[in-house]
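**Student:** Residues per chain, in single letters:
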Amino acid sequence: MVQLTQNHPYITLRVKFKKVGSLQYISHLDLVRTMHKIVTRAKLPLWYTEGFNPKPKMIFAAPLSIGTESMCEYVDIRLIDDIDPAVAMARLNENMTDEMQALDAYYTETKPTELRWLSYRVTLNTLGASAALAKECGALLDSESILVEKKAKKGEEPKSFDIKPLIRSASVSYSDECAAILIDAVLSADASTFLNPEYVVKALRKYVGVLSSPDLTAESWSIMRLEAFREDMTEFR
Amino acid sequence: MSNETLLEKYSSVLKSVEKPGRYIGGEYNRVMKNVDEVKCRFAFCFPDTYEIGMSNLGVRILYDVLNSDKDIWCERAYAPWMDMKAKMEEYGIPLTAVESGDALDKFDFVAFSLQYELCYTTALAMIKLAGFPLWAKDRGEDCPILIAGGPCVYNAEPIAEFFDIINIGEGEEVLLEICHLYNEMKDNGSYSREAFLRAASHIEGVYIPSLYEVSYNEDGTLKPYRPIYDDVPSVIRKRIIKDMDNAPYPTKLIMPYVETVHDRITLEVYRGCIRGCRFCQAGMVYRPIREKSPDTLCNAAKCLYENTGYDEISLISLSISDYSEIRELTDKLLSWTDQAHVSLSLPSLRIDSFSEELMEKISSVRTGGLTFAPEAGTQRLRDVINKNVTEDDLMNAVNIAFRGGKSSVKLYFMNGLPTERDEDIVGIADLAGKVVGQYYKMPKSERPRGVSVTISVACFIPKPFTPFQWEKQATFEELVEKQALLKSSITDRRIRYNYHDAESSVIEAVLARGDRRIAPAIALAVEEGAMLDAWDEYFDFERWMSVFERCGIDYTYYTSRGFGIDEVLPWDIIDCGVTKEYLKRERSRAYLGVTTPSCKEHCNGCGANKLGGKNKWCN
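Going line by line, the protein sequences match chains A and B. At position 25 of the first sequence the residue is numbered 25 (our numbering), and the sequence of numbers has no breaks. At position 514 of the second sequence the residue is numbered 1514 (our numbering), and the sequence of numbers has no breaks.
Note that these hints are calculated values from the structure, not bench results. Even glycine gets a Cβ: it sits at the ideal position worked out from N, Cα and C. Please note that a few of the clues may not be correct.
[What the hints assert, rightly or not] Chain B stretches covered by chain A per the calculated footprint, using a threshold of three residues with CB under 8 Å from any CB of chain A:
1) 1016-1028
2) 1256-1265
3) 1309-1322
[What the hints assert, rightly or not] Below, computed lysine to any residue pairings styled on SDA-like, alpha-carbon distance capped at 20 Å:
4) Lys1015(B) x Lys43(A)
5) Lys43(A) x Asp1338(B)
6) Lys43(A) x Ala1300(B)
Here chain A stands alone, though its shape is the one from the complex (with noise of 0.2 Å):
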């Protein structure tokens, strides 16, 4: 581990969090702001950044996006002292609610941005679910290109992109007991080629015809980030 030295004023804390539930609503920006109250809380050995307006640095591993769920957000945070990482982790859980609680902390030298692939688990409670419609959307993903719209930035025209070769492997299955299909996908998670799994929701509604009914009450969907993965498919630490 990194001595703390005039050199290096700081070590690197990385918390391993998960953020289900209704917070799957708080946007990846309002989480920052949370997690700066929580670590403050928790009174952790905060290192501050230099300068006119000092701010402790955390770095967050992929920002999950509204509407999403995970058992594996990963943020950074700079100390000055190293605390024993199981003390840190119970002063931030005291100081979460049950929907976000560290699940593993510990100290670390590697990048945050090492992070490749992440793995999903989407549910899809839709009108007409079957192991046949299941089937279809094994086909699709299966498929050699699956071309989607991108969200328009205002005032540009909508593009297509290719989803495909964004997603490592998928599989579908039909799930009798909560009658939903289910998708299991690992998604490219780099910062240029990141994949929402968003997107395969729309391809799907798109191309199979799945959540369709325009009455929002009928149907409805979820996702859950479940791990992270390095580029040789070990698990991201």
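Once you've looked at the hints, dock chain B against the given chain A.
**Tutor:** Below, chain B alone, put in the same frame as chain A:
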């Protein structure tokens, strides 16, 4: 319905609306209780969005007060944004409380904090979304008791008939007394809606609108209200907290996930005001002044910092520099805040108090822009409104700001003040020009940037319980003319001019000054979809004109007519502390252009000292 249902059954709805984070609750520091273990469920509603409502200090205080009682569970509810409102109507989703997710009909009390008149339609729309009858007289035994409070209810008449109880004055004690009475009557079996409201009318600070007979003279003016029963008070006296050092103050704040308007620690330094600006309702109705000690405040600040993790503390009051121990307080706070990377901010700084010392201490001043409020463009008019600041004060303040490295300032003014003439309006432009001039008096080396002066001009509204309460409001056409004159008087490109829309100021005046006869128009507007009138995008002047016309209301009766000095006023049913004699005296002095010194200099006999309250100045 529980939170789970909202999140599960309606998850597709949540995913289809803007900023769903404002509907989910689940915040750190919120209070959860077991429904079976409380006697009384209280829903505190804020008739605006979550982001606005969560910033309100009064709600924070009262939430804490009510929840400190083990028999009461106080939850919160906010107005949905229009997109969510449409979905709620489409799918029959009722308005729910944030903590439990339960629909409001599960509650014993549903209370609204009315902070500005343009929120009335939002409050009524929320009552409708909750499924309650709009008019109090139509509510049955099973319906929760609806309460209104907040600064607007000093004239509650336009909305009085929509509520069962109106809380006049500070709510910390009154709301608890109301709940205790309710619990007691439920326990001993004497409760009925009627019996409860009658008994509640005996609590000081409680106004039960249904217990009065309201009638009018042939010329349309009001007759004095008559209580229906002998035991019902003929005037309702405002309640205050007498000892602020021992008043309850939250030690925890609910931590919103989404960014709110005032997302910081707010420290209430004192209540009331010593100044007596003649247009200012808050300065009159919050009297008498009652300060907290620096020790009380510093302890509260530290505790709140530890329980919230906020990095900013805002010192709240009507005029912070009038706090008699401002230096002790800021020094005490700065002894730990700098080290904890917590910044202090002081809104509401008076021009005549701005000093280099304050500028150095206050980081918000160091980093943000600076705002001053001369309110009027000439000394004559500033004397009429009793602002008690001079052009020299302003030049001195902006000089300090410019020399401290600032290059932009914002100035607040009002149009349409009593006795205003064209020269006063042109005076605003002149004053802004002189501020620009101050900047260029500095040597060139000290002004690396160009200067920018923004003038922001509101339309004067003669508010109840001010010396100007009898005044007429300038007509819509006059206000527009005044705005045009000011616009044409500004020739300097370094001066930016913002002004309040005259249309909403006219409606605000009707709602602030109206009597019970305008209630049907408000109800009609709500029936036709009015909500969030405080938001420009949803304020609909044409609809207001239309509902007034259809309800047979000449709105100018309440605005540009003015009230006769001996006329019964809609708010005469309320005693807010200051006497009518004092207000009349101040009005005469205004017309003579004579200023009145602050309470610090000597007592002007406003009458609010009869309410008691510990302070240094009142006898």
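**Student:** Each hint needs a verdict: does it hold in this structure or not?
**Tutor:** Taking the hints in turn, this is what the structure says about them:
no. : hint                  : in the structure
1   : 1016-1028             : holds (count 9)
2   : 1256-1265             : holds (count 4)
3   : 1309-1322             : holds (count 3)
4   : Lys1015(B) x Lys43(A) : violated (35 Å)
5   : Lys43(A) x Asp1338(B) : holds (16 Å)
6   : Lys43(A) x Ala1300(B) : holds (18 Å)
Violated hint: 4 only; the structure is consistent with all others.
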